[in-house]
Each structure stands twice: as structure tokens, then as C-alpha cells.
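Participant: Residue-level listing of the chains:
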Amino acid sequence: MKEKTTSFQLLITLYIGIITTGMLMMPRQLYRIASLNLWLSIMIGSLLGYFSIIVITLFLHTFKNKTLTEITEETLGPYLGRALTFIFIFLTFYCEAYFVRQYTNFISTNFYPKTPNYIIIGSLVMVCCFAVYHGIEVICRCALIALPFILLFFSLGSLLSVPGISFVNLLPILDKGLVPPLSGASVSLAWFSEFMLLSMCTPFIRHSKTFLRDGFNMVTITLITLLILIVSILLLLSAFTGVPLYPYIVSVSYISIGRFFEHIEALVMAIWIVGAFVKISFYLFVIVHSSASFLRLSSYKLNALPISFLLFLFSLWIYPSAQSQIKIGSPLINTITILVNLFYPLLILGFVLFKKKNMAY
Amino acid sequence: MKWMNLIGYSVVLYGFYLFEKKNLQKKHDRIVFFMLLGICWTVMFSFLFFHSLLNPARLMLFLFKPLIPILGK
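Line by line, the protein sequences are chains A and B. Quick note: the first sequence uses this note's numbering, first residue 1, plus one each step. Quick note: the second sequence uses this note's numbering, first residue 362, plus one each step.
Excised from the complex, chain A in its bound form (with noise of 0.2 Å):
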């Protein structure tokens, strides 16, 4: 395989992509199930990050260079891995229209309202697909390009804010017991486990030797990263944070200098674009990349337009409004998440435990 690129660069990418739409999305589903003890769902959710890193490891010394698809084939045979190689590639579609739709919801309700949504989404889709088309390295390389400025932008919005404050908001703590931020860490999971997509990029990875370290601090990263943004939300809106659908664009609208430095809002549109870019691009990445082996075509550059129109498509159909995305949708892709993302590795994780302890009597 040509393409090469580091395990540094493949995590930054998806660390740009989690941030990004976690901390638009993430405050308020939180704060409807965990209310003041969020923050404890964001600690729980980042275990299972940890856990995917350990997984892919765990892959990756296994089986050199193959993807998860390549290995359920080979675990599970031509049928029944092939099965679930086409359940996981349409579930991950899915969830990548979903991711689509989302951007184009948040972009329309905001700031573009009398765009035609086939604009936002076929633009979005097109510039995805040119860097799908250029490969991975093109992804990573513009995820490195964007992080300063994603960096600098989230840390002037964190500190610019920090004037309205009040820590008393964060109390009382686990004042309902346990159960709330256990049963909002199903949230988190979701984010974190989009760690868990690496695994199909394990033959691109030049470096792996570093890659449980790179993973690790990565994880403690974006953990650390998304408490300081949604605690400082919590900390400036309170109970407020569980009631507008995007709780980081009011709080950040709050932000006021000598009256002179205000209305930032457009900033948070234009690192939403770029996070949101990176995200689908490397989501796509995958879809196109994980289909052409399933299919066996000689390049994966081959099904990259079809499949970009299908996305087009697909994300034009679904959750017309911002309300039955966050409303219906939202559920719905935290489930297809934790079953793509989490139960499906462990399966393919225990067969192949099973199979060597088989092999070794």
C-alpha cells in the first residue's frame, strides 16, 4: 500500500472530529439524563475509548496491515464475515448520513435558512469526496492544517467566557445517586467510540509500535478537551443548558468585550465546517474504503463517487428538521454507534480469542 500515514495523524483527525460535533451536540442530550453530574457521563464514556485503543492494538500485532472487514472475513468465513461486513459498512453509512444531515440541520436552522439544503449538502459532500479520492494522507494532512485554529478558537471561547461563571452551578453533585451519569455515559460512548474506526485504517499506519501510547494520550486528550467545553457551558448556562438545541452557541454568544468584540457565532460556524469536513471525510474514507474490499475492486477510488451520491442522497431523505434529528435521530445513532463500534469488535474480538486458544490445544 502506498498511502502511508502516521497513527498520530489518523488520531488527530478523529480528535478534530469529536470535539467538533461533541461539543455542539453532546451538552444537551447530557444534561437531559445526567444533569449537574454530566461530566461524570464524559469520564465513563472515555473508558470505552481507552478500550478501542487496547482492541486495535490488539488487532494490529495479530493481523499486520488488514482491516477489521479483512479479519471478521477471515475469522468468520466467506459467508457469515461477509454478512456482517455489509450489515457494518450499511450501519456505518448510515450513521455517516446522519453526520451529513446533522451539519447541514445545524448550518440551515443558524445561519443559512434560505439556502436549499441539496446546496449545503452537495457542496459538503463534493469536497469530501475530492479528498476521499486523494486518500487518507490528504485527510490527515487538512485535520493538521485545522487544529491550531480549532485549538485557538475553542480555548478564546472557553476564556472569554469565564467572566459569566459560577462553580456553585456544579453543585449538588451526584445528588440522584449513580444511576443518571451511568445512563448518560450511553451518550458519551458514542463519541468515544468512533475511536474505535481506526481499526480500519490499521494498514495505512506507518509507525504502529507507537500506536498504544499515541491512543492513550489521545483518549486523555479529547477527554480532558471536552470536560473544560461543556463543564464551562454547564458553568455559564446551568440549568439553561438542557433546553436551546445547541447549548455552545448561546453560551458563546454571551461573550461581549468593550462591545466591541461580539457576535462570534460566525466563528463557531466556521470551525463547525472544518470539524465537520474532517468527520465525514474520514467517515466516508472508511465506507468507500471498507466497500471496495468487500466488493474486490482493484481501487477503492472507483466507488468513491457512486457512494458519495448515494450519501448525497441518503442525507437529503433523512430528518428533515433540526427537531426530529436531535429528537428521533439522535437515540437512534447513539444505538447504531455502540453496536457498530463496541459490540461488533468484541464479537470479532472473542472469536478470534477463541480460535487461537482453539488452535493452541
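Below, computed lysine-lysine pairings styled on DSS-like, alpha-carbon distance capped at 25 Å:
#1 Lys301(A) x Lys383(B)
#2 Lys327(A) x Lys114(A)
#3 Lys301(A) x Lys382(B)
#4 Lys363(B) x Lys114(A)
#5 Lys66(A) x Lys357(A)
#6 Lys4(A) x Lys301(A)
#7 Lys356(A) x Lys66(A)
#8 Lys64(A) x Lys356(A)
#9 Lys355(A) x Lys64(A)
#10 Lys4(A) x Lys66(A)
#11 Lys66(A) x Lys355(A)
#12 Lys426(B) x Lys327(A)
#13 Lys301(A) x Lys66(A)
#14 Lys388(B) x Lys301(A)
#15 Lys356(A) x Lys209(A)
#16 Lys64(A) x Lys357(A)
#17 Lys301(A) x Lys387(B)
#18 Lys4(A) x Lys64(A)
For the record, the hints were derived by calculation from the structure and aren't laboratory data.
Put chain B on the given structure of chain A with help from the hints.
Facilitator: Chain B in isolation, oriented as in the chain A frame:
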């Protein structure tokens, strides 16, 4: 309008074929590529003419409904 959209999208699919024509040297690649274009056309047709009848979001909700209270909050 729907028919105009259908023609427009079909032209886009033909454009995909023209774009990838030189890379479709192997017979298997050609078959799979045309199969994918066929799927695209069918989904597009369903989207344009049976928009509310065959919504994939409803289908997925129906399939995963029993799991949502357990896994997705």
C-alpha cells in the same frame, strides 16, 4: 419537476462513468461499478417518486426500536 430531476441526476451518473472510464479496465471492476450506478439510480428514483413512503430513517427506527431504550438515550 421530478422527471427533470431524474434526467439531471442520470446525467450526473453518466458523468461518473465518463470520469472513471479509463480506470475500468478489469471486467470485474466494470461490473461492480455499473452495479453501484444501478443502486444509485434506484435510490434516486425511490427518493424522487416515493419520498415519504420509503423513508430510510423510519425503516431504521423500526429495526432498532427495541434496542433504543437500552443503548441509546
